[in-house]
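Please put together the full structure from these sequences, using the hints given.
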Amino acid sequence: MERSFDELVNEVRSKVNIVDVISNYIQLTKRGKNYFGLCPFHDDHNPSLSVSLEKQIYRCFACGASGNVFNFIMDYEKKSFSEVLNKLATSVGVELPNYKVKSAKVSKEYQTILDVYDITNKYFRHNLVNTESGKEAYEYLLKRNITKEIIEEFSLGYAKNDRDELKKLLVTKGYQESFLADIGILNKTDYGYQNAFVDRIIFPIWNEHGEVIAFSGRKFKGDDELPKYINTKETKVFKKGTVLYNFHRAKDEIRRKNEVIIMEGFFDVIRAYSLGFKNVIATMGTSLTKEQLVAIKRITNNVILCFDGDEAGQKSMMDFSCDLEKIEFTVCIVPLKDGLDPDEYLLKYGVESFKEELKNAYNTIDFRLKYLRSGKNLTDENDITLYINESLKLISTLSDEIKRELYINKLAEEFNLDSNLLRKRLNSFIKDVKIEKKDFIREPKKTLEDKYTKASKLLVANMLKDKRATLLYAKKPYYLPVSSHRFLANEIVEYYKKHDILEIADFITFLNGKTELINLATELSELDLINKEYTEKILLDYIAVIKEYNSEKIIKKLKEEMKAITDPNEKAKIAEKIREIKLMGCDINGGKN
42 MERSFDELVN EVRSKVNIVD VISNYIQLTK RGKNYFGLCP FHDDHNPSLS
92 VSLEKQIYRC FACGASGNVF NFIMDYEKKS FSEVLNKLAT SVGVELPNYK
142 VKSAKVSKEY QTILDVYDIT NKYFRHNLVN TESGKEAYEY LLKRNITKEI
192 IEEFSLGYAK NDRDELKKLL VTKGYQESFL ADIGILNKTD YGYQNAFVDR
242 IIFPIWNEHG EVIAFSGRKF KGDDELPKYI NTKETKVFKK GTVLYNFHRA
292 KDEIRRKNEV IIMEGFFDVI RAYSLGFKNV IATMGTSLTK EQLVAIKRIT
342 NNVILCFDGD EAGQKSMMDF SCDLEKIEFT VCIVPLKDGL DPDEYLLKYG
392 VESFKEELKN AYNTIDFRLK YLRSGKNLTD ENDITLYINE SLKLISTLSD
442 EIKRELYINK LAEEFNLDSN LLRKRLNSFI KDVKIEKKDF IREPKKTLED
492 KYTKASKLLV ANMLKDKRAT LLYAKKPYYL PVSSHRFLAN EIVEYYKKHD
542 ILEIADFITF LNGKTELINL ATELSELDLI NKEYTEKILL DYIAVIKEYN
592 SEKIIKKLKE EMKAITDPNE KAKIAEKIRE IKLMGCDING GKN
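Under my numbering, the first residue of the sequence shown is numbered 42, with each subsequent residue one higher.
A couple of the hints might just be wrong.
Here are the simulated DSS-like pairs of lysine-lysine, each with C-alpha atoms no more than 30 Å apart in a straight line [said to hold, decoys possible]: (1) LYS96 / LYS578; (2) LYS269 / LYS451; (3) LYS538 / LYS598; (4) LYS389 / LYS451; (5) LYS434 / LYS451; (6) LYS614 / LYS517; (7) LYS378 / LYS444; (8) LYS356 / LYS417; (9) LYS189 / LYS298; (10) LYS119 / LYS274; (11) LYS184 / LYS516; (12) LYS163 / LYS214; (13) LYS538 / LYS56; (14) LYS495 / LYS516; (15) LYS277 / LYS516; (16) LYS444 / LYS396; (17) LYS277 / LYS594; (18) LYS298 / LYS274; (19) LYS356 / LYS451; (20) LYS74 / LYS96; (21) LYS128 / LYS269; (22) LYS618 / LYS597.
Hints were generated in silico from the structure; no laboratory data involved.
Spelled out as structure tokens, the structure:
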């Protein structure tokens, strides 16, 4: 009987010793039951990478990189899943006959979406370069100094001023119009299904494996009332908050330089990359999400922000730098002169001037101080007073006393003030910061959230360990308080539908490159659980805490509803419902997570 693809993948994985494989790349030393070495995925000086021989997984306690033998080689050698699978299969003598291996093991629907996007991307590219209707868009790009070579490298395309041609092409290939609408290729209108992108320059969006997972269409002429950009809707393969534009190309250079340049726009990235700045990426929105930050932090802690030089760009860099420093990134900021964006700056001043700007990048405090000066008349006493107070408040956030002293002396010298006076004022701000932190720590809600989070974490950890725990959860999948726990629980339920035992190394392959879930699964698999053997009572205790969380959510919602109601009878009904929930513990089913 022919074995399934999953069985062959798991056989390859089981025949490979992860310790032996990783030892080919880095030096490992046994410590206890695990092996440790310097993590190759960040600038590691104290061995942080732990490799488990028993579980056949690795995890870095510093940067969070984790996975099985496939993940390690994929990340280290920058190879696709198929390349690594074939390499390891050959090394252990496992044949992979008659299987079309994709860049990752994917579901049928996932792969179908990728196939549609691949066809669509080729269609858009053909329109831009080889059709009369794409001539105007092509000439627009050439006028912006986007060369034929750049167009080719970044797969730029053109969506015709036509509502049906792409639809007809895809329908003839067997795809349903409703499915094409679900994945953002078509829009459903009063006139039927029509192409979602019309008369726009198209930028394909890639995932970290280099697969097209979405499109962004930019207008280049015409009606100013239309949005400048429109994007593919979120789908099973595209979540805007998890994607960084150009990351699949830039990650090797980011790791080599141990530094990433973050810009705002597609054209900014394309220009910088084509001129030799290969460690450049762009966000897909106005802020960085947790998933994006994790992806960056896996390969570097050093970030250069280079946004538009206008007021909005400066403000964005202020906000971004605060968020990045909260999670211990080292941040530098490049405010470009003349209000130019990076694309415009590089065209006007050239590569060497831009390199000089990068070299002279501001640290975050200096940039924020510079930003505070803007719009103020520093010969006016009121503006001077305002600037000094704002500056002292900013300086008060520094934990390093020496740095605080240096900035105090600079301020005192610039405005000819007594430094002791400034220190006295600074100390009042420092006290305020301490009070804010103290109040935040004492907030009772935080303790409650920790209780619920712990129960959620331990429940999912038990699900990884024993199918019976998963079956107990699956009877009534309660709404877990942590979103990543919910997503991982769903994956575990799906895995056990086909398997009786969960080997963590095989489960990581099943997770199909979902980095955050792989990291979480690896972490939870290494928890030292109280219950060494399956104990239903302990699991029911965890579920009881989670039910309490669900009850609290419902009660909070009901109380909000009650505030808006004036009818005393209706208020009494809601109050009675709240009382019942509190008395009975309310067996609330959060539904499918």
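Structure-based check of all given hints:
1. LYS96 / LYS578: holds (27 Å)
2. LYS269 / LYS451: Status violated; Cα separation ~44 Å.
3. LYS538 / LYS598: Violated, because 35 Å separates the two Cα atoms, which is more than 30 Å.
4. LYS389 / LYS451: Violated: LYS389 and LYS451 sit about 34 Å apart, past 30 Å.
5. LYS434 / LYS451: holds (15 Å)
6. LYS614 / LYS517: holds (27 Å)
7. LYS378 / LYS444: holds (27 Å)
8. LYS356 / LYS417: Cα-Cα ~16 Å, so holds.
9. LYS189 / LYS298: This hinted pair holds, its Cα atoms lying about 28 Å apart.
10. LYS119 / LYS274: Given that 30 Å is the threshold and the Cα spacing comes to 29 Å, the pair holds.
11. LYS184 / LYS516: violated (62 Å)
12. LYS163 / LYS214: holds (14 Å)
13. LYS538 / LYS56: holds (24 Å)
14. LYS495 / LYS516: Between LYS495 and LYS516 the Cα gap is close to 21 Å, so the pair holds against 30 Å.
15. LYS277 / LYS516: Judged against 30 Å, a Cα distance of about 25 Å means the pair holds.
16. LYS444 / LYS396: With Cα atoms ~27 Å apart, LYS444 and LYS396 stay inside 30 Å; holds.
17. LYS277 / LYS594: holds (28 Å)
18. LYS298 / LYS274: Given pair LYS298, LYS274 is violated - Cα atoms ~34 Å apart, limit 30 Å.
19. LYS356 / LYS451: It holds: about 24 Å lies between the C-alpha atoms, which stays within 30 Å.
20. LYS74 / LYS96: Holds, at about 11 Å.
21. LYS128 / LYS269: violated (45 Å)
22. LYS618 / LYS597: holds (12 Å)
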